[in-house]
Amino acid sequence: MQWNEVVTTVLLALGCVITFSGSYGVLKFPDFYARLHAAGKTDSLAQVLFFVGLVFVTDDILTKIKLVLVAFILLIAAPTATHAITKAAHLDGLRPWTRDSLRGGGQ
Amino acid sequence: MTAVVLIDTLLLLLVTAAAIVIIEVRSLYASAILTGIYSLLMALVWVNMHSMDVAFTEAAVGGGISTILLIGTLVHVGRDEKPIKKRLHVPALLFTVLTGGALIYGTLDMPRFGDPAAPIHHYRVPEMMAQTVGFVMDLPGKQKAPEGFDRDAYRHYRGLDPERFGDVKIDTVPVDPTDTAWRERSPLRNHGLVLPPVLVEGHHPEGGGDHHLHPADDFNGHVPNSVTSLLAAYRGYDTMFETTVIFTAGVSLILLLRRPRREGYLQRGAVMSDQVILRVVSKLSIPFILIFGFYVITHGELGPGGGFQGGVALACAFILYALVFGRSALYRVVPPPVSDMLIGLGVLIYSGTGAVCMLLGGKFLDYSMLNPQSPGDGESLGMTLVEYGVGITVSMVMLTIFNQLAEERST
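Chains G and E, in that order, give the protein sequences.
With my numbering applied, the first sequence has no gaps in its numbers, which climb one by one up to 108 at the end.
With my numbering applied, the second sequence has no gaps in its numbers, which climb one by one up to 550 at the end.
Rather than coming from a laboratory, the hints here were simulated on the basis of the structure.
Among the hints, a few may not be true.
Distance windows between CB atoms, simulated [claimed, not checked]:
(1) G:Leu76 with E:Pro230: 49 to 55 angstroms
(2) E:Leu233 with G:Val7: 30 to 36 angstroms
(3) G:Asp61 with E:Thr383: 37 to 43 angstroms
Even glycine gets a Cβ: it sits at the ideal position worked out from N, Cα and C.
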């Protein structure tokens, strides 16, 4: 195994673990905001790991540049999308989950 | 089971699950988002089949803009499905079962997935594929065939059309679908090229983007992306009328939904421009989305992409602008009369290119007439023009649909 393949494997595996933890968080967390917190953050990081991981196994320099660009654009776009969704929910009047909501019979 | 089949099976299972949930779910918002997910999954299936152009279209049109438009529609029709009594409708069930059964019966005759002996790999497609990677032969100003390339053997193998190449001796070589030794017979085998009954990796010559030319070519050898060659030249009429369908959709929507101009363009509801993050990020990204759209349209001739995908990307930039800064800001950039005119202009560019070809003495949409000295460059020019025509119409129609949906909301 070449060194670049090792780097790629590590990065992709790390990305998978982070994505998995994000998905687990989406299922586990109590309300909309917390779930988006899990999904948004892990997605932003994991996609960077995936794309940077792939950079090491492509031969073509143009493809490498494109992969880095895609990672960069997603790094800006994904958190913005998360922010927009959260803001929309907030404006729509969705209240965040607190311990009181448990007593009050939930959201 | 190969990895491709395994991934395909997983993806198609997810697609089926998404389809079932779309039908079952009550919330129409969830339904609209799930249609986007459905399209993205289908795009992955296409990628898995190496059909990048289709995947690109599916992701841009299905996953991108139609989700936006569906959600725009929800503003009018409400968030939730009206509760209806679910009763068993026997004729409908019968009809569905019969249709489904007939479709399944039809698939029994289809070739296996990825079967190299499937008819699609032997009828017309190999010829098309070979054309775009063919060699320059005896035309001035073009790349020469490599040393030791046997032209006669190549002509023989390809079975050149006697109508167009009367001076070439014709002897068609039929391809036996069960024969896998076809590569051994190909005169191109020593040149790193194969005539692909199956898409083989690396069948493009090195540097792939070069303009290769040979006389048996429907496209004068110019267009490296065989999909664009097929869509814009070989099936040019088809694509032109697809554009016309989009044009008709845009015109119908204007006729049905647009209010009289004297009432003005209303703008109500929240404008997002006071949200700093959204404002900054969209201002940053809109120029790049526009550049990407133009790149996809222009590059459609050379790689995956084209007028439809690029046009949708352009429309997305405008829609993002309208969403963040309000529709009145968008109307200052693209006033409705301008977008209406551009809808027609795109179709005019497409059909006009065809008409110019006729005026220059060729057939309708025979792009090689545009540059008689170098037919390949003519093909290239023609296809780029047509792609721009498609791109302009598609982007402006999508923009108009969005505008009309938003306008209704304001009333």
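Verification of the supplied hints:
In this structure the supplied range 49 to 55 angstroms holds for leucine 76 (chain G) paired with proline 230 (chain E), their Cβ-Cβ distance being about 54 angstroms. Between leucine 233 (chain E) and valine 7 (chain G), the C-beta spacing of about 59 angstroms breaks the proposed range 30 to 36 angstroms. About 39 angstroms separates the C-beta atoms of aspartate 61 (chain G) and threonine 383 (chain E), a value consistent with the hinted range of 37 to 43 angstroms.
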